[in-house]
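*Asks:* In the order they appear, the protein sequences are chains A and B. Under UniProt numbering, the first residue of the first sequence is numbered 1, with each subsequent residue one higher. Under UniProt numbering, the first residue of the second sequence is numbered 1, with each subsequent residue one higher.
One thing to keep in mind: the hints can contain errors.
[Said to hold, decoys possible] Cut-off 25 Å, straight-line C-alpha distance, at most; resulting in silico cross-link-like pairs (SDA-like, lysine to any residue):
1) B:227 - A:106
2) A:89 - B:229
3) B:227 - A:32
4) B:227 - A:195
5) B:227 - A:196
6) B:227 - A:123
7) B:227 - A:143
8) A:89 - B:187
9) B:227 - A:128
10) B:227 - A:185
11) A:195 - A:127
12) A:89 - A:148
13) B:227 - A:148
14) B:227 - A:125
15) B:227 - A:124
16) A:89 - B:249
17) A:195 - A:19
18) B:227 - A:127
19) B:227 - A:19
20) B:227 - A:118
21) B:227 - A:85
22) A:207 - A:192
23) A:207 - A:85
24) A:454 - A:237
25) A:89 - B:217
26) B:227 - A:454
27) B:227 - A:120
28) B:227 - A:104
[What the hints assert, rightly or not] Chain B side only, calculated, beta carbon under 8 Å to chain A, not exhaustive:
29) 132
30) 240
31) 248
32) 249
33) 253
34) 400
Simulated from the structure, these hints should not be mistaken for laboratory data. Note that CB positions come from ideal geometry on N, CA and C, so glycine has one too.
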Amino acid sequence: MASVETPSRSDAPPAVRLRGIGKRFPGVIANDDINIDVARGTIHAIVGENGAGKSTLMKILYGVQPPDSGTIEIDGAAVTLGSPADAIKAGVGMVFQHFMLADNLTVAENVVLGAERLHGIGAAAREEITRISGSYGLGVDPDRLVEDLGVGARQRVEILKVLYRGARIVILDEPTAVLVPQEVDELFDNLRELKAEGLSVIFISHKLDEVLSVADEITVVRRGTTVTTVDPAGVTARQLAELMVGSELPSPSTESSTVTDEVLLSVRDLTLPDPAGGRPLVDGVSFDIHRGEVLGIAGVEGNGQAELVETIMGMRDGATGTVELAGTDLSGRSTGQRREAGIGYIPEDRHRHGLLLDSSLWENRVLGHQTRRPSVSHGLVDRAAARADTQRIIEAYDVRTPGPEVPARALSGGNQQKLIVGREMSGDPVLLIAAHPTRGVDVGAQAAIWDHVKNARRNGLAVLLISADLDELIGLSDRIEVILRGGLVGRFDPSEVTPEDLGSAMTGAGSDAPREEGSP
Amino acid sequence: MSAPAVARTPAPRVRRRSPYTYLAVVVGLLVAVSLLEVVTGADDLTSSGTISATLVATVPIALAALGGLWSERAGIVNIGLEGMMILGTYGAGFFGYHYGAWAGVLGAILLGMVGGLIHAVATVIFDVDHIVSGVAINIIALGATQYLASRTFVGLPGGGSTQSPTIPSLPSLTIAPVSDGLQGLEQRNVFVISEVAAVVRALTTNLSALTVIGLLLVLVTYLVLWKTTFGLRLRSCGESPVTAESLGVAVLRYKFVAVLISGAMAGLAGGFLAMVASSNYRDGQTGGRGYIGLAAMIFGNWRPGGMLAGSGLFGYTQTLGLRSGRDSVHALLLAVAVLALAVAVLQLRRRHVRAAIGFAVAGVVVGAVYFAIDEVADDFTRMTPYVITLLVLGLFSQRLRMPAADGESYRKGSAG
């Protein structure tokens, strides 16, 4: 896999040329000597681990942050991008990973906001939106409230916003992180339309299969610098991943079975009614997990896996059925008591449930363990011990941070997740619930988290693993249950099942499974 | 993944009510009240005097609510409306007495804006908690006006430490032929026709210029906030300031301006109280109308039309309580009972059995009270607007949608 020359159309200047871009933050070198050429009419992927400096680079290109060194050329002309407004003027548009949309405004209002001079805010603007939507196949209705739109449609609104401002270079920051597979396909069709119209797309991702399927060129970023630019036809996902990490990759597959016949978690007839009156969110779920066993739950997002986990954790009201942990009935216990009884919980959304982003790492370490040593003694927080124990987690779990005093927000997603895993494992749990433990983390952290799950299993924990990554489920689990419309509908042996089998079971094998949680 | 394209279900579009809907609501209300009048014999429910008084009671609440609307649409909670109104009453008293009626109006606006300025500086620039700042303004405004009044009004003719001299009155509109011509029709008590005549008479007799301005401001607010670029940007600051900033909107500037306008509206509301509802500044004149305005705004779901309806409801019930309250409020009991029973039937059809039973019981109890007593004691008539407000807010609160980033602190540079 040799580096390729930019397949530019003869001597036309590249749409974007970055030379020697550098950016430092206190204590961190985010970017160092970045060199990238993006040709007109191509989809250019930038891949790298979280924390490799991709996002900083894109913020520089969109004018959010100024670079400390280096030059940016757009269509052959050197530009200085001091603000997003400059970038927009230069024809650069950005679709953020976290959508920048106001829910209670209509699509049209969201699109014209800040660009009212172009076509006003009335009928002319709506006409233009409909026109753009039609010519790129975006299918966006200007009069709908953004609140009512699904994730895929919101993303199309974001793309439309960028096009409305006349962008010729569209940056998408991890656009597929929030999408279900069909939506990803639709997005890629949209991107190919953009490419066909002569626009350049810069696509940031760490989902390598997707990158390989859609990109014309791939630039690998590692530790703030560009490693190489490759042609997707000449590399495999594994080779790309090794370029990103800079070393050989582990795989999720487990070693020999450690399953015993001692039941640690026993769930019986767990049901969670829908407060809105629809069908139950969790419907009569029963299963056992044994000491040293990993139970994987596969399912299309929104089929009750999040509710199942939250019911086991005691976070949902109105549930019926029993949850028994190592012989103790947990029914009627609060979430805190359940944690104390020995449940470690890696929540699906670490920003909403896992961390206080603006609190320091050691304060986050105390959370959930606020009744237990070493963080707390005699009812008071023992700062010194909490800090020391956080330091232990930082070292044992390879959390890359300057120290326990920095706010959690300053860490990359992978490092935040490693901190959570370390925290959850520190109370000597007997059950580990891991909901999408590697979602949104880079390959390096992913491998580390897989190792921690394997360790937990080897140390005799029961593990409940929820994941949308079927390879991860098959690789780590001793047994896989498929959840559909809140009920368990199939059991598979991971040593025999293929992702395709799982996929068809997850959608109800031909029956019309609901893709989204929706009212009937 | 060869799944079929995601079906795009036709989800609800933005509701656009035609003006006829509003007209139908108004006519429907008029018919309902006429009916109530016929059934109960409480003549004062729709007399032109009641309607005039309702207008005078409604406009200051609506102006305060407008103040809240401007501020909260930009994401700043303004519980200091009451204080800004108090400043407005003093401004009207001082400038009105010394420099004439229109100067009084400007003075009220100006002093309201001073309150708005304090709130804006505190919340927008220094990121003080909105509630803390608002409450502080309410306390400061009360003390400051009492102090200023004792320094500036004592010794003036009719003035004192708790009230200003009489302010010259603003021009008012009377179309004598219409007003006099309809008098007969109104008094003849023809079903609905007399009620319409009463409304027209109220609008053509002694209608203060400030009332007209106040009602126009509701319309202007709607047009500015929903039909202009400025309004779109301002609202985007209340919905998602991060989004707005990422699109080049100077968020803090819009918030600042919005709170200033909010103060101006609240000040004008205070000025209205001093100059139209009364004829001079008096201590304690606002009587909590700033808070009622806030409630009216919430009732109106942060929209001008709804907020005007909320203000009208409050103004009307307040007026009834103050005029021949014993009869009128008594008649209202019947309306409440019928309404509660109607809601009960509605809830039953939606299979909300428990709610249906609750409403049915409430309806029967209120109905029983109506038939058990002949008139409502004065102690209770004065409570009416507050009880009604509580009831209405309790019934409707679940469907409300406040600006998404309302009350949240925002620092520049959060985007990206």
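*Asks:* Against each hint, give a clear statement of whether it holds in the structure.
*Replies:* Hints versus structure:
1. B:227 - A:106: Holds, at about 13 Å.
2. A:89 - B:229: This hinted pair holds, its Cα atoms lying about 20 Å apart.
3. B:227 - A:32: 47 Å, violated
4. B:227 - A:195: Answer violated: residue 227 (chain B) to residue 195 (chain A) is near 36 Å, above 25 Å.
5. B:227 - A:196: 36 Å, violated
6. B:227 - A:123: 11 Å, holds
7. B:227 - A:143: 15 Å, holds
8. A:89 - B:187: 69 Å, violated
9. B:227 - A:128: Roughly 18 Å between the alpha carbons, so the hint for residue 227 (chain B) and residue 128 (chain A) holds.
10. B:227 - A:185: This hinted pair is violated, its Cα atoms lying about 38 Å apart.
11. A:195 - A:127: Satisfied, since the Cα-Cα distance of roughly 23 Å is no more than 25 Å.
12. A:89 - A:148: 31 Å, violated
13. B:227 - A:148: Holds. Residue 227 (chain B) to residue 148 (chain A) sits at ~22 Å (cutoff 25 Å).
14. B:227 - A:125: The hint holds at about 13 Å.
15. B:227 - A:124: 13 Å, holds
16. A:89 - B:249: 15 Å, holds
17. A:195 - A:19: 24 Å, holds
18. B:227 - A:127: Cα-Cα ~17 Å, so holds.
19. B:227 - A:19: 45 Å, violated
20. B:227 - A:118: 16 Å, holds
21. B:227 - A:85: 24 Å, holds
22. A:207 - A:192: 18 Å, holds
23. A:207 - A:85: 30 Å, violated
24. A:454 - A:237: 23 Å, holds
25. A:89 - B:217: With Cα atoms ~38 Å apart, residue 89 (chain A) and residue 217 (chain B) exceed 25 Å; violated.
26. B:227 - A:454: Answer violated: residue 227 (chain B) to residue 454 (chain A) is near 59 Å, above 25 Å.
27. B:227 - A:120: 10 Å, holds
28. B:227 - A:104: With a Cα-Cα distance of about 16 Å, the restraint between residue 227 (chain B) and residue 104 (chain A) holds, given a limit of 25 Å.
29. 132: With a closest approach of 20 Å, the residue 132 (chain B) hint is violated.
30. 240: This hint holds: residue 240 (chain B) lies near chain A, its Cβ roughly 4 Å from the closest one there, short of 8 Å.
31. 248: 5 Å, holds
32. 249: 6 Å, holds
33. 253: Residue 253 (chain B) check fails; min Cβ-Cβ to chain A is 14 Å, beyond 8 Å.
34. 400: At 12 Å from the nearest chain A Cβ, residue 400 (chain B) fails the 8 Å test, so the hint is violated.
Checked against the numbered hints above, the structure breaks hints 3, 4, 5, 8, 10, 12, 19, 23, 25, 26, 29, 33 and 34 and satisfies the rest.
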